[in-house]
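Trainee: If you want the building blocks of each chain, they are given just below.
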Amino acid sequence: MAKKVKLSEVTDMFKGMEILSLEGVKIEGDIEIDLSGLLGGGGFDPMLAAILGQESAMLAQHFGRIASMFGVPVGMGAPAAVGGVAPGVSPALAAPKLKDLIPAKFDVSKIAEWTTQIQEVPLGNTSADGGTRGKQVIVGGEKALPFYFDAPMPHRNQVTIDVFDMRIGLAKAVKENYDEVMDSPGEWAKKNVDKFNADMITIHLISTDPLVKDTSAKDAAKTVEEVLQAVDVPIAIGGSGNPQKDPEVLSKAAEVSEGERCLLASASLNLDYAKIAEAALKYDHDVLSWTQLDMNAQKELNRKLMKQCNVPRDRIIMDPTTAALGYGLDYAYTNMERIRLAALMGDDELTFPMSSGTTNAWGARESWMVGSPLGQDSDWGPREYRGPIWEIVTGLSLAIAGNDLFMMMHPTAVAVLKQITQTLFGTLEAEPVNIASWIEAEV
Amino acid sequence: MKINSPLEAYKYLPQTNCTECGEPTCMAFASKLIDRSAKPSDCPPLIKEKKYTKKLAELERLLAPEIREVVLGVGEKAAKIGGDDVLYRHKLTFFNKTKMFFDVADTMGEADLIERVKKIADFKKFYVGRNLLVDGVAIRAASNDPTKFAAAVKKVAEVGLPMIFCSFNPAVLKAGLEAAKDKNPLLYAANKDNWKEVGELALKYKVPVVVSAFNDLDALKTLAKTFAEAGIKDIVLDPGTYPSGKGLKDSFTNFLKIRRAGIMGDTDIAYPIMALPLTAWMAGVADPVSTSYWETVLASIFTIRYADIMILHSMEAYAVLPEVHLAETIYTDPRSPVSVEGGMYKVGEPDKDSPVFFTTNFALTYYTVESDIAANGIVCWLLAVDTDGIGVEAAAAGGQLTAAKVKDAFDKAGFDLKKDVNHNTVIIPGLAARIQGDLEDALDAKVKVGPMDSGRIPGWMEKNWPPK
Ligand code: B12
Ligand code: SF4
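Chain order of the listed sequences is A and B. Going by the numbering used here, the first sequence opens with residue 2, and the numbers climb by one from there. Going by the numbering used here, the second sequence opens with residue 5, and the numbers climb by one from there.
Honestly, the hints are just simulated from the structure, not real lab data. Built from N, CA and C at the ideal position, the CB exists for glycine as well. Hints should not be assumed to be uniformly reliable.
Simulated restraints on C-beta separations [claimed, not checked]:
hint, chain 1, residue 1, chain 2, residue 2, range
1, A, Leu270, B, Lys6, 41 to 47 Å
2, A, Thr116, B, Ile7, 24 to 30 Å
3, B, Lys422, A, Asp380, 44 to 50 Å
4, B, Gly463, A, Val213, 20 to 26 Å
Bound-form chain B, shown alone:
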């Protein structure tokens, strides 16, 4: 972004405080533009009224992220990459989580290929109320044969995930593009030998394209600039990912340099970057578990330092789980903890005899507790107290979890311990034991202190429920 204060954005707004955008004032809307929680097109007058056309264009230019945003694939599963404005997540937040693409080769047997693609498409890991997924398929033209490649593309395209076409041979890439019209795949890659042909394909088929120059940032920038001048907007950079030794150190340095230059305003190289942790499999490590570990290590480094998209090989759970978790870690918005809506939730179909628990609305806390309870077949009422998304212990220490807050949460949820259940009892987290007395007074109910860890709720229930 070229501006960083709401006042600067305000200049380009209608300044009528019409509230159509849902904000009380244009100034309030301007601050949302600056923290990127709204975009100019969310202001209806700016879009509809002709007289604002120029202002809108200018505002969009000023607010465009430093690193270009590129979309690959189509539809719901399309992958958006790039779009960052900062070098460190605490300065704002990182946008568009690193996308993980897993490879298949066009030399694979049909059954193997379909099985692997299915595995990629089906991967999921539940985490704080959502599923962590992987993002797409990179098809390697290992055969270097256009016909074989096109056949593989056809099969992969059926699952609807975004694709990367991997070949330095323009004839192969072209065959792939013909086989998957309008799927918006990413072309990998244009290099110093084939750039004219591959660039032409990108223009003709209107698809994003990777420019590739290993360990040569002058060449990389030259390719990117040449493409940009020719009208290609959606560019991704591949500076090379060497898997070991000094080569890896050089690759790490290249990623740092490219992103720093991009954020600091060198628009010729301000594009998303691609890493290839898959090269771990070329490093000569004999044993597959070690190689997979090393691939995860490379993926981790480049998730943290600026890869926007990567191509990986190992689908072992011990590789993919830490990879998707780390991307989530680095890209989660540090400005607001992930939280659930406060309120009364049901686990199973609770009735008047079912126990009543409360926890906080920090997503990690809430879902840990809920899954511990549900997985053990306990049917209950579970109140999520709004603690601004802070966990039990930190909220009890920081003042967001008090007897008054809990009472307030019951009231807001319209839940009456004297009417809605027969036992007038609430079970509280062990780590909130300090509010027991106050809560008894506030609710005029029995308050029982549960275990410290929700994993122990089942054992605790055996001994303490129903209340005597």
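The following block holds chain A by itself, in its conformation from the complex:
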């Protein structure tokens, strides 16, 4: 369980970071700062409040504002009116060497080698297809790198927000958004859709892990039904990551959600992928093909799913693994970019849309630790603002590398990622900004 720290201990904690820093801290668990005293407003030290500005109620307000500001489809708002000051040109400097402009035309060609379209994969069935989802989501279909001018992107990026089937340790900045719904996957899913604008929901059946609660596949299936009833967006169903148990759990979940075209997460090389593929075909679902930062393993698994298990191309999405900013994002980014480039150039074992476990960003120490464990670093500032931007930058980098679907957690991260990917996608308008006046602008 997460460790609770009383407000009175917090000052010491800031001083004694080294001592407290790492012991007993789980990557996803966290040191929790109990702020009830502070939020209640009852006699607290203003100095401390200043240090802890982020911990106060202002924080919630800020996030509220950020979310509404970036909440799709809300636009960016009007630009600040800045008077354009015409630069005064001094004629005294008139120049002998520079007499006339040498006119030049700019031209650049499109990439001829990008010959192959990424597979379009639908998620979720509406009544028209025999399901009960309110809408269908389609990912994939690109003919160029994302947001490139060579060919328009047919479908925007989608965000699926995580739900767990039990209360789990989460970074504080994440947890405060979900605390009251964490005991009810249905309520949790609802909140993700109604409040945080999720395009999809991922239900992680982690309690089925024999080392966690070892709940049965049947119980897990009930949770899936609960979520399907609570929301009408398409859903992804995740196992616990236990390779022995996941095939059974996912098959059962697939059965009770027959016809809904869910995404089964995941098939991988170290478990009985054939059983998961079989369930997908039998009950009308898609398969997430997950490998660990290895393009050749990804090809192998996709090939096995297609050739050995007869999964049709429009039912495969890949998860080539997401490593967080500062913790291997260089590998994750390049792996995705290489996969997408190879696909566009015709490698038909890789022409599938991609999904990212962007939530992994919260594994980076910078996203959740109270401060730097190293005395000589510049101040890391409030972690409550570091976490969401860590998730955003991790996700955004992969969006540019070719990722289509994002599994995320922090509402602010979701809102900002949607705002920026839809801006680059081309659907968001904003008031024009007179950038020529940036030098004089009040910033």
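Chain B with the ligands: place on chain A using the hints.
Mentor: Same frame as chain A, but now just chain B with the ligands:
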């Protein structure tokens, strides 16, 4: 680069295999030229002997990167930008990490200005054995007054960071140049109205200069070409950074187009590109945290897609940390993982009773472990096993971390568990548990399996150390 095989470079070398360059053969040296780990001037005969002058010049021309390299500032902190040869990092690597300049205005009070410049100069974030830093100061001539601007320049110049002078007014820029002679600042910017005067300044003071044309690549190329013909070599391109909506999409597209054209051989536009994420502050977002987030988002996009230098505003840690980390991510060399030298390291002043740990020489792993141990005041011996720069779990899975390798590392370090410590015990990473048995045999020592995450070493030590 105009050539891409060692054989082509070999033609221009002396072909004597004299080994003065440190390579056994000219061919070996040629392959280093092609992967850009050596430059022609590293071959002494080529430099010294007159008969090679022509070959040297030709080789340098052939090997010059597609995107021009430009240096701003002077001395140790000078910032080198541009110099790329590829559009995707996995094709080679990107050179010269995106440089981050933070703004100050000449209208700021003196104390505020000095404080901000100091903050810029002092920023650092330790990461895998080095400090991530920010690079320089962009001075905005918000006053449009040459005297005020010159005064601000004088103050900023004292810290020795590279500078960008920001004004469209040549008189202001000139005052700045006079105030900071020989500091090699970057002039921002020449545009369609002032290009003659600003170009003349660049020539006279021999400084790099930005040409600026918002969302108009014909105009941008025209300016760059005109300057190049007039003998200005150090050019930086500003196609405009619109902060939102369709404007931002256009800016993104412009960056892609310019870099693609440059890499594909359009030399008239093959220059470093500047992005201005700072324009996020003009987008009308009311709340500063949101604006700062948006600025970081813009910085991220343009770090990945081809900005070589950028001007930013927010110095909040939650803006700067992800920005410097992303630049490091994109520019780290994918051909070789960042690693530390294999060998025995001391944390504190260990003695014969101190515990002995090993980890791998992947820099991220090594420094994570070292800082976890050091921050908790544990004094110990820490062996970095050379796993070709691969982390513990991947190396154990991929065969670079075996009992034999660990033994070899102890031997190479000259560390004898029976003599150098009293306990004949080594503590191994939890994720390397599988080699415990083999290692016991190989070392003839006690092997204890530590926790999976080095963050838990302190707690583990409380229960398990000293060994009973
Ligand atoms: C990044 C990564 C890679 C990168 C490696 C980059 C590098 N330079 O190391 C690349 C892409 C090259 C790679 C390749 C492979 N990988 Co890989 N990779 C990962 C990944 C995503 C992260 C690993 C990492 O960097 N962790 C961070 C570092 C800091 O952790 P660390 O070194 O283990 O150190 C920690 C602990 O070990 C401990 N610790 C370290 N030292 C010490 C010392 C003591 C005394 C103690 C007590 C503790 C301790 O504390 C540290 C901090 O927490 C993991 C999956 C994951 N998310 O964990 C898979 C993973 C490690 N890879 C795996 C595999 C199988 C491989 C490959 C064999 C094939 C493949 N699937 O790609 C190849 C092998 C390559 C090789 N060896 O040559 C498997 C290993 C499975 C297993 N347990 O056997 C994993 C777990 C993925 C999986 N589930 O399949 N991989
Ligand atoms: S120094 Fe020059 S001539 Fe001598 S071996 Fe190296 S490349 Fe060849």
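Trainee: Are the hints correct? Go through all of them and say.
Mentor: Okay, the hints, checked on the actual structure:
1. Leu270(A) <-> Lys6(B): 41 to 47 Å: Holds, at about 43 Å.
2. Thr116(A) <-> Ile7(B): 24 to 30 Å: Given a distance of about 28 Å, which is inside 24 to 30 Å, the answer is holds.
3. Lys422(B) <-> Asp380(A): 44 to 50 Å: 46 Å, holds
4. Gly463(B) <-> Val213(A): 20 to 26 Å: 21 Å, holds
In this structure, none of the earlier numbered hints is contradicted; all agree with it.
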